[in-house]
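Enquirer: Chains as they are written, first to last, in my numbering: chain A, 157 to 468; chain B, 499 to 775.
These are calculated hints, taken from the structure and not from any lab test. Fair warning: there could be bad hints in the mix.
Not everything, but these chain A residues come out facing chain B in the computed CB check (under 7 Å) [to be verified]:
hint, residue
1, 209
2, 234
3, 260
So these bits of chain B aren't anywhere near chain A, every CB distance computed over 12 Å [to be verified]:
hint, residue
4, 531
5, 583
6, 608
7, 666
8, 678
9, 685
10, 692
11, 714
12, 768
C-beta atoms are modelled at their ideal positions from N, C-alpha and C, and glycine is treated no differently.
Listed here are the chains, written in short residue letters.
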Amino acid sequence: MTNAIDISSLGKQYKGVAALTGVSATVPMGKVVGLLGHNGAGKSTLIKLILGLIEPTSGHVEVLGESPWGSHAVSLRRRIGYMPESVSFYGNLTGSEVITYLARLKRAPRQQASKLLERVGLEYARDRRVSTYSKGMRQRLGLAQALLASPELVVLDEPTGGLDPQATRELYEIVAELRAGGHSVLVSSHVLAELEPHIDSALILRQGELLAAGSVGDLRRQSGLPGIVVVQLKEAADPASFARELGELGLAHELRHDGQFEIQIAEGGKLTLLHRLAADPVVDDIVVKEASLARLYDYLGAGTKRQEGENA
Amino acid sequence: MSSVLIIARKEFRDDFRNRWTIAVAVLFAVLALSISYFGGAAAGKIGFTSFDATLASLTTLAAFVIPLIGLLIAYDMVVGEQDNGTLLLVLSYPISRVELVAGKFVGHCSALATATLAGFGAAVVIIQIMQPEARTPEAWLSMGNFVLSASMLGASFVALASVISVTTGDKARAAGLALVTWLAMVIIFDLCLLAILVFSGGKHWEQSVFPHLLYLNPIDVFRLINLTTLGSGSGNELFMGMTATHVYRPWVLYLVMLLWVVIPFELAQFLFRRKEV
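Model the full assembly from the supplied sequences, consistent with the hints where possible.
Expert: This is the structure in structure tokens:
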């Protein structure tokens, strides 16, 4: 078994409305895969299908080598951890009571529950009622319960919503530990740029279809999306003559409202441009922006739309 | 421990934390004591009166309160988890949907049964201590009968509440539907029966059909179980008069009561299995 999740031409319809059509993808064992898409792109539907909470209308999904749908899948669920998006838990219970209850349900060792609370930094609030928890604390509790019984596959649905930067960093540290321990992680998000450094590959969904799949580098190459160099000129410099210079070099550029130039540069020509700019006396500062997933997404999305237009 | 028991234990504890069930226990104890102590005030005497009269008054009270509490503690068992966002979470755990609903059902029912037994039992013990002539085997039998049938009545309304909980999309609607159900079963059903009685004017079919109509409401079955064992003269003459012409067998009544627990429970299970989450 080399894949944690195997999806082939998977489709789901709700009362005749297609939420997901013909999605084929894999999540390899021991990898961290990002599931990306805007609201309504089908992320939640795909996650529910992977968890076996709903039945596919067409196609197949296999998780850890078994079908997640049906009564025999109950034992499979012990090997999957799931952190739902914005869960408020049981407000009348304390943090430690919630995790103990869930640990019992998952047949996880009892000591693991309190260890996990410590690991996500909730030790200090273990005896407080969950109704007094902040959004970020609930997210931490959600992460802790997803790790109960050391699952082989962890599915995180929008895990960083409501987390401060410190907590977000800690979350990705845990994700990195999981990968190092050979666990597979599927993490969904629409905060695309934030996910980029932490994932091995990405699945991009748009309107229920798989738009693109692969590593971030692959996707960037596939799209041929230009990188962006932002240039701040010195105060004495003349923007008009700098713009003319860029025009002579054949570079697409834009003068932003804050007076900075945004220059688009194709993959191969970046270093040459940077050398040039560094030597230019009017240049004060240079910022290089790699194509983030957000921009990739927009670009790929626009690409598909254009194709559809051409076909029609 | 099985998943059903793990869930049941949590619900049981939640019910006592929410204080609904404690309220029932205290209400039963206080009312049982005050009815039996002051119940004879109209006849000019104060002090513990007939045990049967106390039981009859408590039956009337329980017929209102137990369905209400059963609906109140259980109406949000599934729809509440949906509102919390925990429904998807719990369903992603290694438990089946059947086990989830069964666990919650068992937890709420045992909480209600415990409250009935504790409240009523405490009162009976006090009455027995204060009133030596009430120490008869019949009194214990009637009490056992009352606690068992009250628990089954509670279970039946917990089962009805679970049907409401799996069919509604949000908690507010479920709460409204629970209250409507309570009104319909406690008040409107009996009003309709009375209307039938009045307008049919005592024709022959009425005498054969009417007693069976009472099986259509678990609350009436509960009243029948308790009042027919007490006999007349215990303060429920109107109700007894309505049913005087028919002989109810206790085992039939208990069987009907059991159906009122099992059928809604199975219906809730069936609907929950088909529910899209």
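Enquirer: Each hint needs a verdict: does it hold in this structure or not?
Expert: Taking the hints in turn, this is what the structure says about them:
1. Proximity of residue 209 of chain A to chain B holds as hinted, the smallest CB-CB distance being about 5 Å (cut-off 7 Å).
2. Restraint check, residue 234 of chain A versus chain B: the minimum CB separation of about 4 Å is within 7 Å; hint holds.
3. Interface restraint check for residue 260 of chain A: the shortest CB-CB distance to chain B comes to about 5 Å, inside 7 Å, so the restraint holds.
4. With 12 Å as the threshold on Cβ separation, the claim that residue 531 of chain B sits away from chain A holds: the shortest Cβ distance comes to roughly 31 Å.
5. With a minimum CB-CB distance of about 4 Å to chain A, residue 583 of chain B fails to clear the 12 Å threshold, and the non-interface call is violated.
6. The Cβ of residue 608 of chain B sits about 17 Å from the closest Cβ of chain A, beyond the 12 Å cut-off, so the non-interface label holds.
7. At the 12 Å boundary, the C-beta of residue 666 of chain B stays outside the reach of chain A, the nearest C-beta of that chain being 18 Å off.
8. No beta-carbon of chain A is positioned within 12 Å of the beta-carbon of residue 678 of chain B; the least distance is around 26 Å.
9. With a least CB separation of 32 Å from chain A, residue 685 of chain B remains clear of the 12 Å interface cut-off, as annotated.
10. Residue 692 of chain B, annotated as away from the interface, keeps every beta carbon of chain A farther than 12 Å; the closest lies near 42 Å.
11. Non-interface status of residue 714 of chain B relative to chain A is upheld: no Cβ of that chain comes within 12 Å, the nearest being about 35 Å off.
12. Distance check for residue 768 of chain B against chain A: the nearest CB is about 15 Å away, which clears 12 Å, and the non-interface claim stands.
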